[in-house]
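Visitor: Residue numbers (our numbering), protein chains in the order written: chain Y, 750 to 999; chain Z, 750 to 999.
It should be emphasised that the hints constitute simulated quantities derived from the structure, not laboratory data. Please note that the accuracy of each hint is not assured.
[Said to hold, decoys possible] Across the chosen pairs, the derived CB separations fall in these ranges: (1) Y:Ser818 with Z:Ala765: 35 to 43 angstroms; (2) Z:Arg987 with Y:Gln941: 17 to 25 angstroms; (3) Y:Gly753 with Z:Gln878: 32 to 40 angstroms; (4) Z:Arg966 with Y:Leu959: 28 to 36 angstroms; (5) Z:Gln827 with Y:Gly753: 38 to 46 angstroms; (6) Z:Asp945 with Y:Gln911: 50 to 58 angstroms; (7) Y:Gln911 with Z:Leu981: 36 to 44 angstroms; (8) Z:Pro929 with Y:Leu959: 20 to 28 angstroms; (9) Y:Asn789 with Z:Val824: 45 to 53 angstroms.
[Claimed, not checked] Keeping only pairs whose Cα atoms sit at most 25 angstroms apart, straight-line, the calculated DSS-like set for lysine-lysine is: (10) Y:Lys949 with Y:Lys964; (11) Y:Lys964 with Z:Lys964; (12) Z:Lys949 with Y:Lys949; (13) Z:Lys964 with Z:Lys949.
C-beta: ideal position from N, C-alpha, C; glycine also.
There are 2 protein chains.
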Amino acid sequence: MEMGLSGIRIILVEPAGPLNVGSVARVMKNMGLEQLILVNPRCDYLGEEARNMAVHAGDILDKAQVVPSLPDALVGCQRAIATTAQNRGLPTNLENPRNALPWLLDHPSALIFGREDRGLTNSELNYAQRFVRIPSTEVYPSLNLAQGVAICCYELYQEATQNLRQTPSLTPNFFCTDTPRASLEILEGYYQHLEDVLLKIEYLYPHTALRRMEKFRRLYNRAYPTPEEVALLRGILRQVEWAIALKGEK
Amino acid sequence: MEMGLSGIRIILVEPAGPLNVGSVARVMKNMGLEQLILVNPRCDYLGEEARNMAVHAGDILDKAQVVPSLPDALVGCQRAIATTAQNRGLPTNLENPRNALPWLLDHPSALIFGREDRGLTNSELNYAQRFVRIPSTEVYPSLNLAQGVAICCYELYQEATQNLRQTPSLTPNFFCTDTPRASLEILEGYYQHLEDVLLKIEYLYPHTALRRMEKFRRLYNRAYPTPEEVALLRGILRQVEWAIALKGEK
Chain Y
750 MEMGLSGIRI
760 ILVEPAGPLN
770 VGSVARVMKN
780 MGLEQLILVN
790 PRCDYLGEEA
800 RNMAVHAGDI
810 LDKAQVVPSL
820 PDALVGCQRA
830 IATTAQNRGL
840 PTNLENPRNA
850 LPWLLDHPSA
860 LIFGREDRGL
870 TNSELNYAQR
880 FVRIPSTEVY
890 PSLNLAQGVA
900 ICCYELYQEA
910 TQNLRQTPSL
920 TPNFFCTDTP
930 RASLEILEGY
940 YQHLEDVLLK
950 IEYLYPHTAL
960 RRMEKFRRLY
970 NRAYPTPEEV
980 ALLRGILRQV
990 EWAIALKGEK
Chain Z
750 MEMGLSGIRI
760 ILVEPAGPLN
770 VGSVARVMKN
780 MGLEQLILVN
790 PRCDYLGEEA
800 RNMAVHAGDI
810 LDKAQVVPSL
820 PDALVGCQRA
830 IATTAQNRGL
840 PTNLENPRNA
850 LPWLLDHPSA
860 LIFGREDRGL
870 TNSELNYAQR
880 FVRIPSTEVY
890 PSLNLAQGVA
900 ICCYELYQEA
910 TQNLRQTPSL
920 TPNFFCTDTP
930 RASLEILEGY
940 YQHLEDVLLK
950 IEYLYPHTAL
960 RRMEKFRRLY
970 NRAYPTPEEV
980 ALLRGILRQV
990 EWAIALKGEK
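For reference, chain Y alone in the conformation it holds in the complex:
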């Protein structure tokens, strides 16, 4: 694929600062990124403040998409990385932007940034396959949103334009493969199906479903399955449903 940066969306979840959104638009244009998606923005992202900060990137603001929730922003994406300030019980280590972000290049993909004050919720984090933390001091680890976006866009642009990657890629082998991976909708379809079956067999109960399902989401997200593998997994679920129904009829 020869899409480089053009397949990457920058997703801001509930941004509250118009100055931030304007600055994000500017640095996106500086760094060759075009698709801005705002999940339920809590500010006037087309107003004067945002436009002043965007300077010559008003077009990025004008064509920004607004959606009501993170899954809507991810439709069609194959890869998603979330940025986070802390490891809030995530099962994997947080990765460095330089190591993780190149994985987004050449794919329909998303880089997700949380709210200025509270970041992303745990359930939002679950939509991502990998997690990035921008290195910073313990004294004051929390970066301004627009500066965090700037650093990530800079890393993406450098990687996209610097084909002379002198250092061996740190991307783990199985992420480097050309094998097509299941889209996030296909995965979501599997999770919904899994949850249905687990409720049916009383492995899950409605009040425990969410937290338990979180664990399975993380496990399968880590495996980064192919569409064929998801089809196999759903085949098991259908067969379980069939076996239960059949026995019930006897």
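Here the structure of chain Y is known, so what remains is to put chain Z in place on it, guided by the hints.
Guide: Same frame as chain Y, now just chain Z:
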């Protein structure tokens, strides 16, 4: 010398935007830099707008030094790098931040940023020994001042803290986690159990079992599960066995 980041001054020449100066203070603190010098500032860098953007880095603003000209800001420095958007007749090539900035570490040194609108004059550029240009698109090369500072501070911080950089680990970050992973016996126990259940529900048949199970082994091996996760997966299998048995008894 063991001064790392502490000898580096960030110099802003005639900054006009208080929001920019506040944001610069914030990212300096994020990235472990402390000395801010303002050359003839054209804004209220201690006012409300600057402080709002600085958030928890008001101390960097409070102790910022103000001087009338660039040479005053450079007194005592051994090394100086200037940032610039274009090569305006400079005698040397512009360098990438990643290549040039580490040279400032461990020395009394300066990183110089020009005016928001016009950058640095030629005579100001002459005070620097090296010149950095942040890579950006031709369509819109000019970065916001605070975002440019953020990118440079990030590069400095990464270089200062990543002393182990000479041997890039080939182990991806997310495998380096301290979380204990399931032993091979534990995994094998799961695969046997999975195979049993899949045969029972007639998803597998004896003659297809081996090849199918290979696919599941690969999938779960890639996810590199913890013992807890394997326990959850086996819990599902037991519950499937229970559901089938129960229905069969009805």
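Visitor: State for each hint whether it applies.
Guide: These are the hints, each one checked on the structure:
1. Y:Ser818 with Z:Ala765: 35 to 43 angstroms: holds, 40 angstroms
2. Z:Arg987 with Y:Gln941: 17 to 25 angstroms: Check passed, 23 angstroms falls within 17 to 25 angstroms.
3. Y:Gly753 with Z:Gln878: 32 to 40 angstroms: holds, 34 angstroms
4. Z:Arg966 with Y:Leu959: 28 to 36 angstroms: Given about 29 angstroms between the Cβ atoms, the range holds.
5. Z:Gln827 with Y:Gly753: 38 to 46 angstroms: This hint holds: roughly 40 angstroms between Cβ atoms.
6. Z:Asp945 with Y:Gln911: 50 to 58 angstroms: holds, 52 angstroms
7. Y:Gln911 with Z:Leu981: 36 to 44 angstroms: holds, 42 angstroms
8. Z:Pro929 with Y:Leu959: 20 to 28 angstroms: About 26 angstroms separates the Cβ atoms of proline 929 (chain Z) and leucine 959 (chain Y), which means 20 to 28 angstroms holds.
9. Y:Asn789 with Z:Val824: 45 to 53 angstroms: This hint holds: roughly 51 angstroms between Cβ atoms.
10. Y:Lys949 with Y:Lys964: With Cα atoms ~19 angstroms apart, lysine 949 (chain Y) and lysine 964 (chain Y) stay inside 25 angstroms; holds.
11. Y:Lys964 with Z:Lys964: Between lysine 964 (chain Y) and lysine 964 (chain Z) the Cα gap is close to 21 angstroms, so the pair holds against 25 angstroms.
12. Z:Lys949 with Y:Lys949: holds, 18 angstroms
13. Z:Lys964 with Z:Lys949: holds, 19 angstroms
The structure fails none of the hints (numbered hints given earlier).
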